[in-house]
Amino acid sequence: MGSADPFNRLVKLAARAFYDDITTKGENQQKTGRSDNRGIAVVVLDTLTKRQWVREEDLAKDLKLHTKQLRRTLRFFEEEKLVTRDHRKETAKGAKVYNAAVAATGDSQQTGREGDDKQKMHVHSYCCLDYAQIYDVVRYRLHRMKKKLKDELESKNTIQEYVCPNCGKRYTALDALQLVSPYDEYFHCESCNGVLVAESDKLAIQDLGDGDDNARKHRHDKIKDMLSKMEVQLKPLIDQLARVKDLPIPEYGNLQAWEARAHASGRSANGDLTASDPSKSSQGFGFGGTPMPYVGETKVGLLRNFFHFSCEVEVAFSGIGEKGEMVKSETPMKVLPPWMIKDGMNLTKEQRGETKAETKTDSTLTAPEVSDDKKSSTVNDEKKSIQDEYVKAYYAALLMRQREQEETMNRPEPANTISNEDYYTTTERQVGMKSKRDEDHEGDDVNWEEAGPTTGGQTRQFKVDLNEEAEASEEEDDIDWEEG
Amino acid sequence: MFFHMVLERNMQLHPRHFGRDLRDKLVAKLMKDVEGTCSGHHGFIVAITGIESVGKGRIRDGTGFVVFPVKYQCVVFRPFKGEILEAVVTMVNKMGFFAEAGPVQIFVSNHLIPDDMEFQPGDIPNYTTSDGSVKIQKESEVRLKIIGTRVDATEIFCIGTIKDDFLGVISDPGANS
Ligand SMILES: [Zn+2]
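As they're listed, the protein sequences go chains C and L. Counted the way UniProt numbering counts, the first sequence spans residues 1 to 484. Counted the way UniProt numbering counts, the second sequence spans residues 1 to 177.
With the C-beta cut set under 7 Å, the calculated list includes, among others, these residues of chain C facing chain L:
1) 159
2) 160
3) 173
4) 174
5) 176
6) 177
7) 185
8) 187
Please keep in mind that the hints were generated in silico from the structure rather than gathered at the bench. What you are looking at is a predicted structure, and each value in this text was computed from that prediction instead of being measured. Ideal Cβ positions, reconstructed from N, Cα and C, are used throughout, including at glycine.
Modelling step: build the complete structure from the supplied sequences, incorporating the hints.
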């Protein structure tokens, strides 16, 4: 199995490029500000890059999402062919196999619920990213986007229009049958029998136009603009595709195979850790540990921090990956890659300054976190004191950030495609803290919701287009066809 | 695209057919009435493949006619946007050419014919490449892609393009002569 890192980056880029303003909602929910869940799709995809196979209930708990909502999102991604899912009936024993497998991959913190599983048969759903397919899907999508714009530019697939120079009546190629004349090679006007002129040749006949040519030219320019914008804005994605091209695709196999393998490798790799160990330690700390007034609970923290930092910008992917092993190789914070700056600053020049300022604040803020990360890897050695220390440091940093956050909250955020949330989530997951800090930060949610639309704005144009395309391909059959 | 579907029709039968081969008469009439027709909704009804059911007949007041609701299976043909079809050219003029794919008429306007093909007027008007290697004229067989359909209640008309990869002439009647 190759490293999943480049592929995870691909997923994240794709998520932000294409699934940024996807909303999933039940039919009976109307669109209100509250139920606007744009951005969830990205959160879910991001989280999946840090897992392999994951039980959907666990994922929902980790993300503090309603199971139904998560399911809807996952179903959407299943249709989009990004995610494979597996459903099976299982007893608590079956669930344990999975838990053990999770523990073996170092995905430790969400195994803390073994006790919850009662002795009943339940249908559990699992999901996993399908990297091989994602690679193809993203490439295909880009291809279709480009092709559609290019076709339109070259006015392929457009229906020819004809105009009568005498009376100005317009026809399209669909009227051709009525327009042919038995006497000559031309189309004739139905009302005055004048010879029709194809619309593209119309430039020769100036006075006919009702400003329509302008509209067409305008459209042409717009498409051209869109095409070039697409090339610039999607460049990170395209680059990443190229980077990933010759790499072995991470393949987790189906659920059973993965469980079996993870179990086996887990036993050999970390022999000292028994399967239930990590969960015990995380849970033990959460419930029995020093009660801190404001400790970011693991999962809340995970999500909250996503909200914080997804708006907060670009420390970029520090190479910290999706699995426990990876976390231990504490990668120093990476300098922002140039293409990302470009991406973020693509919008306006004014925002450039703003982005810079924010990057600065962010880097000062993250400094303590870097050292925390180091600590986090030692946490596995079950040094309680270090944990406490970490918690204190972490909490201090958190408070500081929240203050910072509140200041920047009302500023329009530059829409950056990549946030650094995975960096934070991994550190937190390692520590596995628990707390009751819940009500205090309504501001976070608000902030996130504001950021959602802004982020969407950047790539909105494409997506509108994509949707059109999707519709166009299957338009006009409202009839139930039975294929014969 | 072809579809197999079940349709229903109320058949009105003259009393002179009432006898032991009533059903045969009914089916014969159904075929005569329905095959080859086009409904904008379903497409062209190519052939009836079977009778699902014949309902109870109802005598119409004032006449001796009886109306039977008949459910029948049939093959329909309906062209779709984006579909690739093979068609026979029926007419060529300066504006483009017309072709037929079974019951469907398709018009390919000259801007959807590859740019290197020029219209040649004359006894047999045609579109020909500058080197003369490819020629589209009456009776040519072309592969085209449908880019638009016009669906009326009783008629379907399409416009197509041959300006894309793997489209264009697939057999050229002029080549042998
Ligand atoms: Zn006219």
